[in-house]
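Enquirer: Residues per chain are reported as follows:
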Amino acid sequence: MPELIFQIAIIVTKIVILTFIVVLPLVPVSVYFERRFSAVIQDRVGPNRVGIPLTLLGFKKDFHFFGLIQPIADGLKLFLKEDFTPAHVRKAFYWMAPALTVVPALITVCVVPFGSPISIFGHVEKLVIADLDIGPLFIFSVASLSVYGITLAGWSSNSKFPFIGGVRSTAQMISYEIALGLSVVPVLMYYGDLNLSTIVQQQADHGWLLLPLWGHDADHTLVSKLLFWFPAAIAFLIFTISIFAETNRMPFDLPECETELVGGYHTEYSSMKFAMFFMGEYAAMVIGSALIITLFLGGWSIGFGLDARVAKLHIGDVNFGGLIHMGCFLTKLIGFILFFILVRWTVPRFRYDQLMKLGWVVFFEAALINVFLAALIVAAPELKGTIIGIGAVLLVIVTAAVIWVAKVSDETPKILRA
Amino acid sequence: MAIVKLQRPKLNFGEKIYFGALIKGFILTMTHAVKTLRGKSVGAESLASSGLGITMQFPEQRWDDHLPEYYRGAPALVTDEQGRERCVSCQLCEFICPPKAIKIIPAEIPSDDPWAKVEKRPLEFEIDMIRCIYCGMCEEVCPEQAIYLRKDYLITGLKRADMVHDKKRLYEIGGTRVGLVNKWNELK
Chain V
1 MPELIFQIAI IVTKIVILTF IVVLPLVPVS VYFERRFSAV IQDRVGPNRV
51 GIPLTLLGFK KDFHFFGLIQ PIADGLKLFL KEDFTPAHVR KAFYWMAPAL
101 TVVPALITVC VVPFGSPISI FGHVEKLVIA DLDIGPLFIF SVASLSVYGI
151 TLAGWSSNSK FPFIGGVRST AQMISYEIAL GLSVVPVLMY YGDLNLSTIV
201 QQQADHGWLL LPLWGHDADH TLVSKLLFWF PAAIAFLIFT ISIFAETNRM
251 PFDLPECETE LVGGYHTEYS SMKFAMFFMG EYAAMVIGSA LIITLFLGGW
301 SIGFGLDARV AKLHIGDVNF GGLIHMGCFL TKLIGFILFF ILVRWTVPRF
351 RYDQLMKLGW VVFFEAALIN VFLAALIVAA PELKGTIIGI GAVLLVIVTA
401 AVIWVAKVSD ETPKILRA
Chain L
1 MAIVKLQRPK LNFGEKIYFG ALIKGFILTM THAVKTLRGK SVGAESLASS
51 GLGITMQFPE QRWDDHLPEY YRGAPALVTD EQGRERCVSC QLCEFICPPK
101 AIKIIPAEIP SDDPWAKVEK RPLEFEIDMI RCIYCGMCEE VCPEQAIYLR
151 KDYLITGLKR ADMVHDKKRL YEIGGTRVGL VNKWNELK
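Top line first, the protein sequences correspond to chains V and L. Reminder that position 166 of the first sequence reads as 166 in the working numbering, one-by-one numbering, no gaps. Reminder that position 105 of the second sequence reads as 105 in the working numbering, one-by-one numbering, no gaps.
These are computed hints drawn from the structure, not numbers from a lab. Take these hints with a grain of salt, some might be off.
Derived DSBU-like pairs (lysine-lysine); straight-line CA-CA distance at most 35 Å [to be verified]:
#	chain 1	residue 1	chain 2	residue 2
1	V	Lys60	L	Lys168
2	V	Lys60	L	Lys151
3	L	Lys40	V	Lys61
4	V	Lys357	L	Lys16
5	L	Lys10	V	Lys407
6	V	Lys60	L	Lys159
7	V	Lys60	L	Lys35
8	V	Lys61	L	Lys35
A short list of chain L residues far from chain V (calculated; beta carbon distances all over 12 Å) [unchecked claim]:
#	residue
9	Lys24
10	Ile27
11	Phe95
12	Glu140
13	Arg160
14	Glu172
In this text, all values refer to a predicted model and were calculated from it rather than measured experimentally. We treat Cβ as the ideally placed atom computed from N, Cα and C, and that holds for glycine.
Could you put the whole structure together from the sequences, leaning on the hints where they help?
Expert: Okay, here's the thing in structure tokens:
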């Protein structure tokens, strides 16, 4: 009995710390970085004045704190705003929709491995809330629930622009979920395991998927790793772009932008409900980045063979190497978030038909062919040369056929008469 | 007007793939970011930036040194070299002021005063700075060259009463202006 209570206490502690102290504060941090980094890209300064009003306490000058208090000020503003419900909305769905957007994003934090296991007085603890053996599947299935949130928001607002925005966003998110799932299959085939902690541990030992420069041994020869780099890179590209589309982020933010003049599916929402949509979008961005880093860039691993040494660092009986790995993970995460922001200001947004075409025609086919390519490369050491040759030829034929079908079925625009 | 048919440019394979353009775009954006952080963005010198991008950060740096000569700030009344107040309360500025910010009560100059020739001066002259739109029409219309728009733009106050500039304040802001046409006292 005490054993059970101890276990539950540990899980609750992990939930509280990892979700509410590590991930949820990353949302205001990414808002801050969004505003600052966007400003720096646009040759301006960004918020740098909201600080601690020390003059109120009698000091001579306020300390501006580099504007880090800005997200807190934003949150406070949204909290204190009047939270009204328009008369014409469907109340039940109107109230449910923001929750359905935020909650799935936060639930998916459970399976992300934040660091290598730490041990306190002999008790080893993994830095992941739920070490499920179906990691990525769990994330995909739970993240799909947030589509409901957007659909309900658009529909319950009982108004033209939110409805169109909601419908477009739903269609976009569903379209890119296929590419999302398919593009991960090569990685899972390579590792043979869906457990995210195992995947990261393997990357720490034998080289990141995209940077396989250490940990060579008989099972993981450099040649095989470099050969697998090609399907892995294609998978990385398709997966990253699909994550952009899933989180409604530039250049796929047509649902919340073209009607951005009005606001898209969150037009009719104010204060805290709008804040929840906002939080849901940024949390999804954070989790998406976390997943990309975990699968392709080594998760918490520092790389180059140093992980074994870091994992052994200890003061007395407390092994704190895992915390250093968590710091590495968070650094990579923030780097990726900065990349998201960079893409926002680099790429103009796609038109809706271009977006759908990319999702169904380009990425779906590319992910599918990538699966076969990866299968061929992973199985190559075990097959005879002729079979590999036949497989390669078949792959080329299938690729050519797919490209031909896509080209032929593309409607050419009719020539306008003078 | 003739109808011009525009053809969509044919993209070659490299352009359709879009990745090359993406990489170029990333380099462009990151160059901007790096230049901004170093304070060397294009135009930082001429726009007197604060060292981060091309922004002049307000309370620490002001635009006051770069104000053009024709800048319209707060209106003020001027005195001339001999200490005479130039305003003769003709009320032309009051009538032309679009938001009716100026209120004048004209008064007589008594006959034993050295400037009795001028006959009128304002008893009270108030400009409500909340109403003033800094258009400069009062300066344009004044026949005595008495009211000018200065370069001062930070007019603030904590009460509505504080924002009304009375005659004393207006002469204080205006000061003395030399080199104007002296109708009433030709300097020989």
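Enquirer: Each hint: holds or not?
Expert: Against the structure, the hints come out as follows:
no., hint, result
1, V:Lys60 with L:Lys168, "holds, 33 Å"
2, V:Lys60 with L:Lys151, "holds, 29 Å"
3, L:Lys40 with V:Lys61, "holds, 28 Å"
4, V:Lys357 with L:Lys16, "holds, 14 Å"
5, L:Lys10 with V:Lys407, "holds, 15 Å"
6, V:Lys60 with L:Lys159, "holds, 25 Å"
7, V:Lys60 with L:Lys35, "holds, 33 Å"
8, V:Lys61 with L:Lys35, "holds, 30 Å"
9, Lys24, "violated, 9 Å"
10, Ile27, "violated, 9 Å"
11, Phe95, "holds, 43 Å"
12, Glu140, "holds, 37 Å"
13, Arg160, "holds, 26 Å"
14, Glu172, "holds, 29 Å"
In the structure shown, a violation is registered for the earlier hints numbered 9 and 10, in ascending order.
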